[in-house]
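Two chains, two separate frames, one set of hints: put the complex together.
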Amino acid sequence: MNADLLAKAKSLGFSDRQIAHLTGRSEDEVRAFRKKIGLVPSYRLVDTCAAEFEAYTPYYYSTYDRGDDEAQPSTRKKVMILGGGPNRIGQGIEFDYCCVHAAFALKEDDFETLMVNSNPETVSTDYDTSDKLFFEPLTLEDVLHIYEREQCWGAIAQFGGQTPLNLALGLQKNGVNIIGTSPQSIEIAEDRKLFAAMLTKLNIPQPPNGIATNETEALAVAQTLGYPILVRPSFVLGGRAMQIVYSDAELQHYMRFAVEASPERPVLVDKFLEEATEVDVDCIADVGHFTGPNEGTVVVGAMLEHIEFAGVHSGDAAMVLPPHTLSDKVIDTIRQYTHAMARELKVIGLMNVQYAVKGDTVYVLEVNPRASRTVPFVSKAIGVPLAKIAAKVMAGKTLEQLGFTAEIWPQHWAVKESVFPFNRFHGQDILLSPEMRSTGEVMGLDADLGIAYSKSQMAAGGPLPLKGRVFLSVSDAHKDEVVEVANLFANLGFDLVATSGTANVIQAAGLKVQTIAKIAEGRPNAIDLLKNREIQLVINTPAGQTPRADEVKIRTTAVYTGTPIMTTISGARAAAHGIEALRKNGYTVKTLQEYH
Amino acid sequence: MPKRTDIHSVLIIGAGPIIIGQACEFDYSGTQACKALREEGYRVILVNSNPATIMTDPEFADRTYIEPITPECVEKIIVRESEHIKAQGGEGKLALLPTLGGQTALNTAMALVKRGTLDNYGVEMIGANAEAIQKGEDRQVFKDLMIQIGLDVPISGTAHTLEEARGIAERIGRFPLIIRPAFTLGGTGGGIAYNREEYEDIARRGLELSPVTEVLIEESLLGWKEFEMEVMRDRADNCVIICSIENFDPMGVHTGDSITVAPIQTLTDKEYQIMRDASFAVIRAVGVETGGSNIQFAVNPDDGRMVIIEMNPRVSRSSALASKATGFPIAKIAAKLAVGYLLDEIRNDITRETPASFEPTIDYVVTKIPRFAFEKFPQADPTLNTQMKSVGEAMAIGRTFKESLQKALRSLEIGRSGLGGDGKPWRIGEKLYGDRDILPASLIRQKLSVPNAERIFFIRHALRSGFTVEDLFNLTKIDRWFLTQIKEIVDFEEALASTAN
Numbered sequence: 036m037n038a039d040l041l042a043k044a045k046s047l048g049f050s051d052r053q054i055a056h057l058t059g060r061s062e063d064e065v066r067a068f069r070k071k072i073g074l075v076p077s078y079r080l081v082d083t084c085a086a087e088f089e090a091y092t093p094y095y096y097s098t099y100d101r102g103d104d105e106a107q108p109s110t111r112k113k114v115m116i117l118g119g120g121p122n123r124i125g126q127g128i129e130f131d132y133c134c135v136h137a138a139f140a141l142k143e144d145d146f147e148t149l150m151v152n153s154n155p156e157t158v159s160t161d162y163d164t165s166d167k168l169f170f171e172p173l174t175l176e177d178v179l180h181i182y183e184r185e186q187c188w189g190a191i192a193q194f195g196g197q198t199p200l201n202l203a204l205g206l207q208k209n210g211v212n213i214i215g216t217s218p219q220s221i222e223i224a225e226d227r228k229l230f231a232a233m234l235t236k237l238n239i240p241q242p243p244n245g246i247a248t249n250e251t252e253a254l255a256v257a258q259t260l261g262y263p264i265l266v267r268p269s270f271v272l273g274g275r276a277m278q279i280v281y282s283d284a285e286l287q288h289y290m291r292f293a294v295e296a297s298p299e300r301p302v303l304v305d306k307f308l309e310e311a312t313e314v315d316v317d318c319i320a321d322v323g324h325f326t327g328p329n330e331g332t333v334v335v336g337a338m339l340e341h342i343e344f345a346g347v348h349s350g351d352a353a354m355v356l357p358p359h360t361l362s363d364k365v366i367d368t369i370r371q372y373t374h375a376m377a378r379e380l381k382v383i384g385l386m387n388v389q390y391a392v393k394g395d396t397v398y399v400l401e402v403n404p405r406a407s408r409t410v411p412f413v414s415k416a417i418g419v420p421l422a423k424i425a426a427k428v429m430a431g432k433t434l435e436q437l438g439f440t441a442e443i444w445p446q447h448w449a450v451k452e453s454v455f456p457f458n459r460f461h462g463q464d465i466l467l468s469p470e471m472r473s474t475g476e477v478m479g480l481d482a483d484l485g486i487a488y489s490k491s492q493m494a495a496g497g498p499l500p501l502k503g504r505v506f507l508s509v510s511d512a513h514k515d516e517v518v519e520v521a522n523l524f525a526n527l528g529f530d531l532v533a534t535s536g537t538a539n540v541i542q543a544a545g546l547k548v549q550t551i552a553k554i555a556e557g558r559p560n561a562i563d564l565l566k567n568r569e570i571q572l573v574i575n576t577p578a579g580q581t582p583r584a585d586e587v588k589i590r591t592t593a594v595y596t597g598t599p600i601m602t603t604i605s606g607a608r609a610a611a612h613g614i615e616a617l618r619k620n621g622y623t624v625k626t627l628q629e630y631h
Numbered sequence: 000m001p002k003r004t005d006i007h008s009v010l011i012i013g014a015g016p017i018i019i020g021q022a023c024e025f026d027y028s029g030t031q032a033c034k035a036l037r038e039e040g041y042r043v044i045l046v047n048s049n050p051a052t053i054m055t056d057p058e059f060a061d062r063t064y065i066e067p068i069t070p071e072c073v074e075k076i077i078v079r080e081s082e083h084i085k086a087q088g089g090e091g092k093l094a095l096l097p098t099l100g101g102q103t104a105l106n107t108a109m110a111l112v113k114r115g116t117l118d119n120y121g122v123e124m125i126g127a128n129a130e131a132i133q134k135g136e137d138r139q140v141f142k143d144l145m146i147q148i149g150l151d152v153p154i155s156g157t158a159h160t161l162e163e164a165r166g167i168a169e170r171i172g173r174f175p176l177i178i179r180p181a182f183t184l185g186g187t188g189g190g191i192a193y194n195r196e197e198y199e200d201i202a203r204r205g206l207e208l209s210p211v212t213e214v215l216i217e218e219s220l221l222g223w224k225e226f227e228m229e230v231m232r233d234r235a236d237n238c239v240i241i242c243s244i245e246n247f248d249p250m251g252v253h254t255g256d257s258i259t260v261a262p263i264q265t266l267t268d269k270e271y272q273i274m275r276d277a278s279f280a281v282i283r284a285v286g287v288e289t290g291g292s293n294i295q296f297a298v299n300p301d302d303g304r305m306v307i308i309e310m311n312p313r314v315s316r317s318s319a320l321a322s323k324a325t326g327f328p329i330a331k332i333a334a335k336l337a338v339g340y341l342l343d344e345i346r347n348d349i350t351r352e353t354p355a356s357f358e359p360t361i362d363y364v365v366t367k368i369p370r371f372a373f374e375k376f377p378q379a380d381p382t383l384n385t386q387m388k389s390v391g392e393a394m395a396i397g398r399t400f401k402e403s404l405q406k407a408l409r410s411l412e413i414g415r416s417g418l419g420g421d422g423k424p425w426r427i428g429e430k431l432y433g434d435r436d437i438l439p440a441s442l443i444r445q446k447l448s449v450p451n452a453e454r455i456f457f458i459r460h461a462l463r464s465g466f467t468v469e470d471l472f473n474l475t476k477i478d479r480w481f482l483t484q485i486k487e488i489v490d491f492e493e494a495l496a497s498t499a500n
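One line per chain: the protein sequences are A and B, in this order. For the first sequence, this note's numbering assigns the number 36 to the initial residue and increments by one for each residue that follows. For the second sequence, this note's numbering assigns the number 0 to the initial residue and increments by one for each residue that follows.
No lab work stands behind these hints: they were computed from the structure. Source: prediction; values computed, not measured. One or more hints might be untrue.
Dumping the calculated EDC-like pairs for lysine to aspartate or glutamate here, alpha-carbon to alpha-carbon at most 16 Å [as the list claims (entries may be wrong)]:
| id | chain 1 | residue 1 | chain 2 | residue 2 |
| --- | --- | --- | --- | --- |
| 1 | B | Lys92 | B | Asp5 |
| 2 | A | Lys71 | A | Asp39 |
| 3 | B | Lys92 | B | Glu82 |
| 4 | A | Lys112 | A | Asp166 |
| 5 | B | Lys430 | A | Glu295 |
| 6 | A | Lys43 | A | Asp100 |
| 7 | A | Lys70 | A | Glu183 |
| 8 | A | Lys43 | B | Asp490 |
If we strip away everything but chain B, and leave its shape as in the complex, we get (with noise of 0.2 Å):
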């Protein structure tokens, strides 16, 4: 199928101003989108409020506007554009890509369609349709329609009264339970319960802090394996696996503060096979008619169980590092799908013999590792949840996971050189240990079993100080395959050390 002919002018809808969550990636991807735009030789519209980024420099788009990105504003741009575009004379239509600007473009599209905007004016969305993106956001409706597909997912219930929450509780049988108020700005009130007294409590709050007095209680899946798959689809139902990502630590920490690796590397061939067609069922049933989304799946290392976390149908943080972990640009070949190309259409530019139909194979490991500011904010709690407060992260590329891992960690700008022995002391709270110093044993278990930014460096103080592999495990549940990977660093830095005259 060629490009789309109908269309004259198309709106992009940048991320705006960074914020934690959401980064300068949607600049990276905004960025790409006009320029494979521009290269179809649409007209691009922009409007995004941040000066800083690249894609609002005048080059990048013929009518760059520097203005809020509100429903309201938005809307005057629309109409403001469609005049242009009668007066030009333009023919064809004025299309609106809300998919590559983070949450922030997906919220103000949704809201312009409610506000009637898009039809009073003729504009199409392209790249994700309302419907698709109402499926894929709203809790209740993208579980429900996970069932239907016969996948599973946490089980879970709604809950307005204290009397239905003991219920739910009773039908999941087993704690904890995480608790979740609906409405509330960054689910204030919410909480995992460990026991009866302490999930009445937070159930109450919950239903109190809520303003519709709603609360949700899902299973928990703490400690479960956490992975991601950056799927593409095109309008003919061609879709392909970009990339496999394997957070390393457990479920309970937001993917954007876990440190993740590319390719997956703890799953057996058919376990991925598994993944890999529950990603198509995902992103077919939810009815992402072109472009690009990313799934998110819990596996319990017990059994085995694949649940369903998320999915978001739109470029997300994740594209960002799939794109540059597998060369494949995610955003732009995005674009291209949203303007009629298919997958087996689109060249890529790295090979230029293969078509973006074939899946990147990488032959490498990739680790991606969050970058924190607590310093900056001593007054707040340094421990990592589902709540994300990463404010940027480094990646790097190795042939191992061993070099990779130490490559990223010395990316960070903190100060380290690698995992540990570069000679610079540890300051835990106020008090200061020497790099090689071991250090109490009360105190690594504590740093291990509460996630927080430090707990990579003292997975080297435990296997130091004598803990095992397993010891490990049961406290922090990080696979004992990466377990086995960080010890085999210590185990050479001790003999390196062991060579000092």
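The following block holds chain A by itself, in its conformation from the complex (with noise of 0.2 Å):
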């Protein structure tokens, strides 16, 4: 290989990658021989000056111009916490936020912090955040290297969300610390064979499911399962390409255009349970700091109950908190199953399961020993800030000494509801489905528990009305209980309008409704009294996998004209007590520091 050629290279932004393809070497020897020849990056300071003025924040950005290096590694012990990159749907603010945290604590415990991260949007790459910023790209080499120019003692993988994640074992294998929960113990939870092993183990339930790494193996594995079933690719956060899928054609097709299925990236297969209940809990451990198995502490963050069914993406999914249906021995069973798995994969800082509950007997779904997406809400809601304890356990102390070692259960309600950028998209149906798509939440704070939800859509931007007439029309699935809602509206004083099949079911149950046509029946139809504002509020459940032209038209139609719509039977009855409990008594304001 040419010396001369390959520092040409890097100055001109080549990673050892794009080298090691384009010269037909692996990147590890295009790494070594750079180590050989010397050819490393310097770093240098932003410093607002072009180096006119010393600058005493250390800010920095790495080139291979080959001018001096302005880094002056210190000797204190150094953790370096790995961000989450670009901003995108699945991974958003909330993993920034659990980087920061992880910054402040360990700045306590008296490290030296170094933030490495390359999103310009955040909190993290503040150059006071941490003590050292490194603005720099989230990949293997660019990481390695400031972990080997710092003589980093540790890294912190487990809070930047999938993109550090992924790092994580590459990182390991070339002499990097990772700290906290071991990244075997992150794979067992990854590997669907490793995982059900562990779960047999434990006797806890899961979905029946298998893996498929191709067509074939896909459409086995469904007919031992049968339909519904639940398909995505593994290593991803955000639900990408995650979906219900109903029949062999479906799945053909999923297989043939939605993903790209190996050997090393099976498609994951799971047997969907319809109407189930589904419910998050965020708790921390310390187990993986000692030998018996009895020894240490785990603690539930919180418990996160879903108010639409199973089937719409946790990171979309409204949330309450505490669970306000869930029965004792339900939230029992879920407790003694979340220590049991925590225990189990030792795990040091945070871990998030989702399980879904049907009738009383409890499933996992997924368990992820890292920080999640609803770790900064449950901070909040409980006052305790969780990141923060996280990372202080990873960097070696227990949960004793922290004095965090029982379980808080507020004595308020707090209300995650997503907001999505559907009003960016026109003519994308607006259904909730596994796959992810809302790009932020808001939270709703009171100790009525319909207040807090009718506060979570005012922040959401879709107030709910107090009055007016509710549009009602759902699939034969939700027939029976349309009724309930439709009652629970009339009570209320709304007017109810719907097209025959939902009004024919009203009427029969001897409510009042008004009749109208279906788009394809003639005028005035739904979408004119939409774009005339004379409906308030919309309650539209999709008929099955494949939505009717006119749902859709319906539904874009409410988004673009501001209309609230529930697309959930469980979320049109929540709101129906959210606004009973509004006009009651409407509502107050209270601060975070008197909740807690």
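See the structure below:
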């Protein structure tokens, strides 16, 4: 390999991977050769003054222009925190929040903190959040350079979402000390076979499932499980290409066009539990610091009950903390399973579990021994900074030392609602699905659950109407339940409007309802009423896996006219209770400092 | 001038949930403001409905309301806090700082002015006054003001009938024309007309869709070069440029969706100085007394004509980028200016020697690239236009544009390790091409002529398949300087590949 050519390539920004592919070598070979000839980047300061004055805040970038290196590694014990990179759907501000807390926590414990991130929008890339800021790409090559240059003691990869997690094993192989839960435990949670073996050992049920590396295998697995099934690629966040599949034809299409399956990256196939209630649990543990099976502490930070039924991505679902419909028995089971898994995985730091509850049976859907999207929400709801405590645990402290050993069950309600970008993507159907599409979230806090829900809707930009007209159009599967919901709204004094099918059911139950035309039946129809702002709330549930064009048009028109819309019966029910509470007493405001 | 002592508490309005166009940069700015104001001994009250923010951590404010950001709700907070200050026997007034929470905070503050809430409870708006916000935000008022101070703006007119619309087209005298219906959500029903027939169609539809039967018609600046200036001003009328930013993508793509580069790369010093002077004139004319503003310019590459596009009288997305690009903490300084300090009284944390009135100078190149999520919205149109569609961004710093561009590309988390040559195949629609395959010219031409998320990569494909810089310029209107830089990367990729055995 030509040293001059290599130096030129680096100065033009070529990564080792590009050079490796272009010259027919491996990335490791390129790195080894570079190191042998001493070709490493130098670090420069971002100093506002083009080096005219001395700079005191260590904010660095790397370059291969072969000039001076301005980084001055200290002799302090250093922890590197790996950020989340650019925001995208599924990986948002929540992970930046966790990284910032890690920096704050470890500063308090007298470590030198190094932040690595490439996202300019964040607090983590503020120069006074950490002791040193490296504004760099989050790739193996770039991160290793910093780690080696600064001689770090350890690195945190479990806080920045999927980006740093994907780097963890590679970093470890290259001698990086990944602190907290071991990458091996993370692998058990992500690897289907290892995970199933663990659950069998602990006697914890999970939905019947399998994996497939190609179309034939997928069809075979589907045959054993029976439809509907939930399919998704492994190693992604935000439910990318996650789908509920109802037939062989759909599955074939999915395997051909939606994913690239391979033996290294198989497609995960689960039996889909219809009408189950999902629960998210965030917990914190220090058990990996101990050798005995019963030593150390596991604390459930919170349980969040989803408002929508299973099948809606947990990043898109509305959630209630603490659970509002689960029995004590179910809550106990969830707690017991969470503790058992945290101990088995020897968790040091945070762990998130997703459960599905059907009747009295609790199934585990997924375990992630890392910071989850709900950590900031939970921290604010219970008044304990979970990410901060977790970072201290990862760096060596025990929960007992930190004084956090008991669950907190708040006396108020916290509702999380998601916010979607549908108004930017005209023509896109807005139905919630296993593929996450929300960009952000809001929190509604109150002593009354109905008010907390109403506040979450106000904050999400779709305030619930206190009076007016409700338009109902639901699928056959929901015809029984729609009567109950219609009744709630009728009792609140709302006028009911529905298309013929739904109207018949409501009428048969003895309620007054105005029937209007379906789009194909003529005018005025629901679209006209929406456009004229003559409908204040829409309740529209999907007819099945392939929505009718009608439905899509109604839903997109609701978005475009800014009319609140509920696409699930449980959402509609929550809305009715919220409106009732709001009409009774109005709402008041209260500070976080007063809640805790 | 020392800081104001007549203020007891400052209410900061956050930006609420993360949405496209309003992301976590406002957590960054709000967090900085909270820290800066508490450092100065003010009691900080915060409202933000977004629990995932650092600013809503209870340590960052004295009073943290995780409540909806609606005028009604913020009024409740003002009432409660006014009583609270009185009950505590607090001296001084309650001030409202609305310029750090994006458009949400600004709109809410303006609604509170209109409701009379601020007057009724003796709340003073700091950072920007209602009049300046109005001048900056109302398109027509802003345009008139610009013309008054001798600056150029795009030629435009407002029509209420098809007749009027025809007259305006006549007056502007050339196509394409941009049609924007008034008061429709997200500019629905607007469009670009390239000929008379299209123009009539879009204008008719626009008038129909506008609830006030009004459309704004504007000369098209498609293909012009786009620039941004981040400006700060204090009460004594000191002005500084914090950062100059050049859009790699010409006009027609929202700046949030454009690749942007700091500092400006393709202007001469003289052109830059003219733009700097114009920026100061704008911030003074609009009357932003203290704090930061973002001003956008377009320059015709053929004759150098410079027009003002718009200004944001508040901390914006570009401010976060400018802060990270220069190391100058815009939000923190804006908060200090709002409570009375002058730029020359605030010390620069980084040098500890220079005051904030020194314009930052940078000896490197910063590149920001937007991150899109079209794979999540397969039914939607992936073409980039004046409505922002990206969900995030990555920034990188290098000593040259080439180094920073490739670093930024590998930061995007889209599986690419640079501009190309990393072995990863290209999936275009349902077709899969090898990393170093030569793509069909028709596909390349199509992907270059219409702005889209992959265009930067198609510049590489085009150069590899024999397009010249001139061909690329004609298809994209991207400045030849940028195209030449990319050509150097692509040429070097070939040189590297030729050493493979």
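Hints and how they fare:
1. Lys92/B - Asp5/B: 6 Å, holds
2. Lys71/A - Asp39/A: This hinted pair holds, its Cα atoms lying about 14 Å apart.
3. Lys92/B - Glu82/B: 12 Å, holds
4. Lys112/A - Asp166/A: 12 Å, holds
5. Lys430/B - Glu295/A: 13 Å, holds
6. Lys43/A - Asp100/A: With a Cα-Cα distance of about 9 Å, the restraint between Lys43/A and Asp100/A holds, given a limit of 16 Å.
7. Lys70/A - Glu183/A: This hinted pair holds, its Cα atoms lying about 11 Å apart.
8. Lys43/A - Asp490/B: 12 Å, holds
Checked against the numbered hints above, the structure breaks none of them.
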